[in-house]
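Whole structure, please, built from the sequences with the hints as guidance.
So the sequence lines, in the order shown, correspond to chains A and B.
If you count by my numbering, then the first sequence holds residues 219 to 435, one letter each, in order.
If you count by my numbering, then the second sequence holds residues 880 to 1183, one letter each, in order.
Hints in this document: simulated from the structure, not taken from any laboratory.
Don't take each hint at face value.
Computed Cβ-Cβ distance ranges for the label pairs, DEER-style [to be verified]:
1. 326(A) / 944(B): 27 to 35 Å
2. 429(A) / 970(B): 37 to 45 Å
3. 429(A) / 969(B): 38 to 46 Å
4. 403(A) / 903(B): 58 to 66 Å
5. 392(A) / 969(B): 57 to 65 Å
6. 969(B) / 421(A): 35 to 43 Å
7. 392(A) / 1058(B): 35 to 43 Å
8. 903(B) / 415(A): 40 to 48 Å
9. 937(B) / 383(A): 16 to 24 Å
A virtual CB, placed ideally from N, CA and C, is assigned to each residue, including glycine.
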Amino acid sequence: MFRQVLFTQWKWARTEMFAYTIGAFLIPTAILKIAVNGLDDYSVGSMLTAVAAAGGFFVFLAAVCAIGFAVRPYLADQALKHVYALSLPLPWATFLRFRFMAGAILLIAPTVAVYMGAALATMTAVIPPTLHTYPFGIAVRFYLTALEIYAATFLLQYIAGKNAVRVVLGIIGVLVVVELGGRILGMNDAWVWLWDHMTTLPGPLETLTARWMMIDV
Amino acid sequence: MSDAISARNVAYRAGKEFAIRDLAMTVPTGSVYGFLGPNGSGKTTTLRLLLGMLPADDGAITVLGHDVPVGVHKALAKIGYVPERLHLYPTLTVEEIMRYHASFYPDWDNVRAENLRRGFSLRAEQPIERLSKGESGKLMMLLALAHNPELLVLDEPTDGLDPVVRRDVLSALLEYVSMRGATVLISSHLIHEQERICDHVGVMDGGRLVAEMPMTTFRGGIKRLRVAKGPVDRGDFPFTLLSRGNTAGREEEWVVRGWQSAMREYFQTGDSELREVIDLDLEESFVELLRSARTPAGIAAEDN
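If you want it as structure tokens, here you go:
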């Protein structure tokens, strides 16, 4: 059952998946080229700054992969008004779990490409001896980031009706609590506080704003 | 024997314009139940409610002994469903959709599926998006029949098909039903087609099930009467008066339901005279039933 769901999702996304995988393989090399070429000398600080600045490419690619893999099967079901999916003899929640897991598995291909590209790029680049390479770490971060964006996109697509209202009300509720809590506690910067907590560990958005370092001390 | 489908007091509202109201429907096990109704009467919505694809606002539905929607996925494993429109992923091939579909059904019969595919002249490697309307209809029937379903729910399965394809699809259906003794709930506009294959009939109009009865009762029970000097309606007719209108002279034309020949005696009292009793075919019966259901008096009569 799951194998067939995985097969169909692979078939729908295989062209994009090929493009994502090539992109994922080439990005680490491109980043290192930019980092090294842009420098007048091989100073450690300059190189790290350049690598960190180019890290946004990974976030961008992770988002493209994640949204691509999440949207494809949804559009396929939506085009049929979900009639086929709903007529299958399994609970809707199980079907959605299969859909989700299949996409999570497809994300492995660009992740492996990121690892291989990063490993190859760091092996072939001239790196100051005080620095270390982290191809595996960058690949894991890439996968987790993609998975997080994929999960959010997946959830937003499939929630409907009363569930959508609940999610929107939940988000509004959190914002209201932050605003009111900030006023009660005399905090003028409650929104800044919320943003900081979302984007620093263990906040869920930390992975988007953190430094994506293929090379670090 | 229990009923294959039972719905009680089911209500469903879709926007402001359309609603299913007080739906009470019984499909006996082993029957071929024809589901008639004009466009927009609520047939497809009702079928989707019965299969748990839409959540009923009120009422109780049981399909093959399972409550809907709680246990609907257990029932769906024993149901073959053909929807109104092609509902299959267009980029998959015939072979791929057969494999995909089979993986969800424990009773999928590969040999039967392959025989049906050959019998329907469907090429395994043909993408679904390139199938003709007739081929799509055949493929959906194949998928509905290949897992040995106890119940077939068919929503306009032959609509838009040419006569040859229609015959192929109906033959496959009837062959399966006679072999397996399966229950069939078939919605169609093609009344004469229903007349040939159905033994029960339900008529939907404006979101209400306005009649439900064995086909023999439906076919034989609605008559057109030519009556001279028709008696005043005192509410004691032994039949259900669906409509009453004047023709030439003093003769009236009545359309009645539940007619039996012994009821002739009713017209022998007073001045009235029953001149002729005319059999209606299923299509005429259907039209007369709908006409009566659309008048307040008619609906009241049906409710009683």
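Tell me, which hint numbers fail for this structure? Of the numbered hints, 1, 5, 7, 8 do not hold.
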